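Participant: Build out the structure end to end from the sequences listed, making use of the hints.
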Amino acid sequence: MANEDFNTWISGTFAFGRDGQADVKFRKLHRILVCGKATLCREVFGDTLNESRDPGGEGAERYTSRLYLKHQCFEKACDTLAEKGFKMIASCSSGANGLAPTPHPMLTAQMSNTQQDFMNQRNSGDLEEQRWAHYTEYVFYREPQILSN
Amino acid sequence: MANEDFNTWISGTFAFGRDGQADVKFRKLHRILVCGKATLCREVFGDTLNESRDPGGEGAERYTSRLYLKHQCFEKACDTLAEKGFKMIASCSSGANGLAPTPHPMLTAQMSNTQQDFMNQRNSGDLEEQRWAHYTEYVFYREPQILSN
Amino acid sequence: MANEDFNTWISGTFAFGRDGQADVKFRKLHRILVCGKATLCREVFGDTLNESRDPGGEGAERYTSRLYLKHQCFEKACDTLAEKGFKMIASCSSGANGLAPTPHPMLTAQMSNTQQDFMNQRNSGDLEEQRWAHYTEYVFYREPQILSN
Amino acid sequence: MANEDFNTWISGTFAFGRDGQADVKFRKLHRILVCGKATLCREVFGDTLNESRDPGGEGAERYTSRLYLKHQCFEKACDTLAEKGFKMIASCSSGANGLAPTPHPMLTAQMSNTQQDFMNQRNSGDLEEQRWAHYTEYVFYREPQILSN
Amino acid sequence: MANEDFNTWISGTFAFGRDGQADVKFRKLHRILVCGKATLCREVFGDTLNESRDPGGEGAERYTSRLYLKHQCFEKACDTLAEKGFKMIASCSSGANGLAPTPHPMLTAQMSNTQQDFMNQRNSGDLEEQRWAHYTEYVFYREPQILSN
Numbered sequence: 001m002a003n004e005d006f007n008t009w010i011s012g013t014f015a016f017g018r019d020g021q022a023d024v025k026f027r028k029l030h031r032i033l034v035c036g037k038a039t040l041c042r043e044v045f046g047d048t049l050n051e052s053r054d055p056g057g058e059g060a061e062r063y064t065s066r067l068y069l070k071h072q073c074f075e076k077a078c079d080t081l082a083e084k085g086f087k088m089i090a091s092c093s094s095g096a097n098g099l100a101p102t103p104h105p106m107l108t109a110q111m112s113n114t115q116q117d118f119m120n121q122r123n124s125g126d127l128e129e130q131r132w133a134h135y136t137e138y139v140f141y142r143e144p145q146i147l148s149n
Numbered sequence: 001m002a003n004e005d006f007n008t009w010i011s012g013t014f015a016f017g018r019d020g021q022a023d024v025k026f027r028k029l030h031r032i033l034v035c036g037k038a039t040l041c042r043e044v045f046g047d048t049l050n051e052s053r054d055p056g057g058e059g060a061e062r063y064t065s066r067l068y069l070k071h072q073c074f075e076k077a078c079d080t081l082a083e084k085g086f087k088m089i090a091s092c093s094s095g096a097n098g099l100a101p102t103p104h105p106m107l108t109a110q111m112s113n114t115q116q117d118f119m120n121q122r123n124s125g126d127l128e129e130q131r132w133a134h135y136t137e138y139v140f141y142r143e144p145q146i147l148s149n
Numbered sequence: 001m002a003n004e005d006f007n008t009w010i011s012g013t014f015a016f017g018r019d020g021q022a023d024v025k026f027r028k029l030h031r032i033l034v035c036g037k038a039t040l041c042r043e044v045f046g047d048t049l050n051e052s053r054d055p056g057g058e059g060a061e062r063y064t065s066r067l068y069l070k071h072q073c074f075e076k077a078c079d080t081l082a083e084k085g086f087k088m089i090a091s092c093s094s095g096a097n098g099l100a101p102t103p104h105p106m107l108t109a110q111m112s113n114t115q116q117d118f119m120n121q122r123n124s125g126d127l128e129e130q131r132w133a134h135y136t137e138y139v140f141y142r143e144p145q146i147l148s149n
Numbered sequence: 001m002a003n004e005d006f007n008t009w010i011s012g013t014f015a016f017g018r019d020g021q022a023d024v025k026f027r028k029l030h031r032i033l034v035c036g037k038a039t040l041c042r043e044v045f046g047d048t049l050n051e052s053r054d055p056g057g058e059g060a061e062r063y064t065s066r067l068y069l070k071h072q073c074f075e076k077a078c079d080t081l082a083e084k085g086f087k088m089i090a091s092c093s094s095g096a097n098g099l100a101p102t103p104h105p106m107l108t109a110q111m112s113n114t115q116q117d118f119m120n121q122r123n124s125g126d127l128e129e130q131r132w133a134h135y136t137e138y139v140f141y142r143e144p145q146i147l148s149n
Numbered sequence: 001m002a003n004e005d006f007n008t009w010i011s012g013t014f015a016f017g018r019d020g021q022a023d024v025k026f027r028k029l030h031r032i033l034v035c036g037k038a039t040l041c042r043e044v045f046g047d048t049l050n051e052s053r054d055p056g057g058e059g060a061e062r063y064t065s066r067l068y069l070k071h072q073c074f075e076k077a078c079d080t081l082a083e084k085g086f087k088m089i090a091s092c093s094s095g096a097n098g099l100a101p102t103p104h105p106m107l108t109a110q111m112s113n114t115q116q117d118f119m120n121q122r123n124s125g126d127l128e129e130q131r132w133a134h135y136t137e138y139v140f141y142r143e144p145q146i147l148s149n
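One line per chain: the protein sequences are A, B, C, D and E, in this order.
For the first sequence, the numbering used here puts the final residue at 149, and the numbers step up evenly by one.
For the second sequence, the numbering used here puts the final residue at 149, and the numbers step up evenly by one.
For the third sequence, the numbering used here puts the final residue at 149, and the numbers step up evenly by one.
For the fourth sequence, the numbering used here puts the final residue at 149, and the numbers step up evenly by one.
For the fifth sequence, the numbering used here puts the final residue at 149, and the numbers step up evenly by one.
Calculated directly from the structure, the hints in this document are not laboratory data.
Every value quoted in this text rests on a predicted model; they were computed, and no experiment measured them.
Each hint should be verified, as a subset may be incorrect.
[What the hints assert, rightly or not] No farther apart than 16 Å at their CA atoms in a straight line, the calculated lysine to aspartate or glutamate pairs in the EDC-like style are these:
{"#": "1", "chain 1": "B", "residue 1": "Lys76", "chain 2": "D", "residue 2": "Asp47"}
{"#": "2", "chain 1": "A", "residue 1": "Lys28", "chain 2": "A", "residue 2": "Glu75"}
{"#": "3", "chain 1": "C", "residue 1": "Lys84", "chain 2": "C", "residue 2": "Glu43"}
{"#": "4", "chain 1": "A", "residue 1": "Lys76", "chain 2": "B", "residue 2": "Glu75"}
{"#": "5", "chain 1": "E", "residue 1": "Lys87", "chain 2": "C", "residue 2": "Glu143"}
{"#": "6", "chain 1": "D", "residue 1": "Lys70", "chain 2": "D", "residue 2": "Asp54"}
{"#": "7", "chain 1": "D", "residue 1": "Lys76", "chain 2": "D", "residue 2": "Glu61"}
{"#": "8", "chain 1": "C", "residue 1": "Lys84", "chain 2": "A", "residue 2": "Glu143"}
{"#": "9", "chain 1": "D", "residue 1": "Lys87", "chain 2": "B", "residue 2": "Glu75"}
{"#": "10", "chain 1": "C", "residue 1": "Lys28", "chain 2": "A", "residue 2": "Glu75"}
{"#": "11", "chain 1": "E", "residue 1": "Lys84", "chain 2": "C", "residue 2": "Glu143"}
{"#": "12", "chain 1": "E", "residue 1": "Lys76", "chain 2": "C", "residue 2": "Glu61"}
{"#": "13", "chain 1": "E", "residue 1": "Lys28", "chain 2": "C", "residue 2": "Glu61"}
Facilitator: Set out below in structure tokens:
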């Protein structure tokens, strides 16, 4: 059994309200992506793994980045990894670049107020959330000796 | 007792004045979010935990991301976690994406000066603060052996 | 044999769909760049290394940042490095700054709707992907004593 | 003596010139903020601590985020912390969001050239610096046993 | 001999081509800044240090952030630091904020096509590079006992 690196991708949206605002927003994870050797991902996450988007096949040495968890709880995933002997060894995070594309972004200044109002209505809830959209990546690793016990 | 991962989310606003400016601004934390197994969060933070937004229920295995601390002092939270045997094992940070949405953002160029002045007055304090808005995430972890003692 | 630092650059595009959207997007790595002492890079990655852009020459002490892997699997690269005694010691990530340049960015507001429509068609798929474009850098290190065994 | 977490905030501006440009710019730190238990901050940094903005009072258990160093040398602060038994355990960084607010940002397109020229003159030096403005946060921690010796 | 913290600033530009594009771009470091106690920086980097921008003077306790390396190879700097007993203990990264200032940014929309074309020609190569501009900071540390041997 070789040592195995485990790269768990966390894609999350984090949003919180402004100072003094009643509605505190909490962490919202969209999806916990799991990347690594396919057989190892299955060994660790078992039934909690959604494999519907993974092409499958190709034996024990196949690596995949098309698996994700059925639940959206990051700490639960960490517990599962720790129970299997993995340690978190790295993390990094980055915000998205600007807001999601809207139709005709540069033309809004030329829209009528009615069109603009309609667009604002559709986007108003999204915009504050988009401002805080980001992804975070965690890397987990298991020492070889732990695996051979 | 299993090993437990503890994910404490820190949502903060950091702002400082320009070089040579009299009014130095300091760290302003909006809210310290706490995520993880609900029973563990309560064991660690006890009375300092605000549970008003947590749905509760579902037994010892329930994970939550709807708890936050009653105080806004990051170092105090770190001390509490260290006293309970947790170590900080990861941190990452990201700025927000652009500024908070203002009504009719692309239409301001067509406003009268009076409207514009009014809007600048409302936003002038916010903008410099928004530029530095960011969140930081810290992950804390406790080795299983410490818990079983 | 001296101790060797190993800097593996990961350039990736990360994109995911919105909440409740059917098409979940996964991690897409464009290219895994490998930087460090050229002889060491070859010792570690062997045939999986693309050397076509590396100028070569200049002996054992030459450092290069013009090598990349033939595959795009980050976890496979981590496994290879771990098998050779390297440990991941640092990681950091950052998003790209804004979107890719489009021709005449400031002039789009003056385009006809037809031109604008054409441009939106060409860019619509790209924009959501560009929002999530980022790079991540990992640093791997091998202790000198491991190498001399 | 309990174990103490120490959160030193570094607020810096980093700027460098373009490739081949004569004037290389260097790191410019605006202010090194120090956060943590007030008595501990004083024990560690002593006379190098500026306490003029700290409200004071409230005994040994008071935490503060209103202290900063009299000098702007990050490495000197690290040496001081290391001499007192602290270790750096985490760091994270994030850029500011966009540029600092200018008066009537959306109205500049409608200004006369004279007004615009004046504004460019005022802002030209600032803009390149603002592009690189960022903050970095470091967390330092001291194990309890070191303190009790 | 006291323990010494070593803060090496890495300022780099990272750029890569789009998926399926022939011209793969590689890491381009503009300049490796070195910050810390001046005597220690010289002890570690010796002749590879460019001291032309350092004011000098003031004895063994002087800290500086005005030194940089004559070469632009990050891994070579890491090897040098490791040979002298330093360990990398932290890293963080952040992108630049938006693109570099162009003259009259808000007025471009009012330029003639000829002026605009000229400007696009000058900027087209720069823009994709600017999108990926970022800096990365690494902190190196040497334990006191290693130094006294």
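Participant: Holds or violated: Lys87 (chain E) with Glu143 (chain C), Cα cutoff 16 Å?
Facilitator: Measuring from Cα to Cα gives roughly 10 Å; hence the hint holds.
Participant: Is it true that the CA of Lys76 (chain E) sits at most 16 Å from the CA of Glu61 (chain C)?
Facilitator: holds, 9 Å
Participant: Would you mind confirming whether the straight-line C-alpha gap from Lys76 (chain A) to Glu75 (chain B) stays at or under 16 Å?
Facilitator: Since the Cα atoms of Lys76 (chain A) and Glu75 (chain B) sit roughly 25 Å apart, the hinted pair is violated (cutoff 16 Å).
Participant: Between Lys84 (chain C) and Glu43 (chain C), does the CA-CA distance stay at or below 16 Å?
Facilitator: holds, 9 Å
Participant: So if I understand the rule, the pair passes when the alpha-carbon distance is 16 Å or less; does Lys84 (chain E) with Glu143 (chain C) pass?
Facilitator: holds, 13 Å
Participant: Between Lys28 (chain C) and Glu75 (chain A), does the CA-CA distance stay at or below 16 Å?
Facilitator: violated, 25 Å
Participant: Tell me if the straight-line CA distance from Lys28 (chain E) to Glu61 (chain C) falls inside 16 Å.
Facilitator: Given pair Lys28 (chain E), Glu61 (chain C) is violated - Cα atoms ~19 Å apart, limit 16 Å.
Participant: Keeping to a limit of 16 Å between CA atoms, is the pair of Lys28 (chain A) and Glu75 (chain A) held or broken?
Facilitator: Given that 16 Å is the threshold and the Cα spacing comes to 13 Å, the pair holds.
Participant: Checking one constraint from the list: CA of Lys84 (chain C) to CA of Glu143 (chain A), max 16 Å. Satisfied?
Facilitator: This hinted pair holds, its Cα atoms lying about 13 Å apart.
Participant: Between the alpha carbons of Lys76 (chain B) and Asp47 (chain D), is the straight-line distance 16 Å or under?
Facilitator: Given pair Lys76 (chain B), Asp47 (chain D) is violated - Cα atoms ~24 Å apart, limit 16 Å.
Participant: For a C-alpha distance cap of 16 Å, please report whether Lys87 (chain D) and Glu75 (chain B) respect it.
Facilitator: holds, 15 Å
Participant: Would you check the hint for Lys70 (chain D) and Asp54 (chain D), treating anything up to 16 Å between C-alpha atoms as holding?
Facilitator: holds, 14 Å
Comparing the model with each earlier hint shows violations of hints 1, 4, 7, 10 and 13; every other hint is respected.
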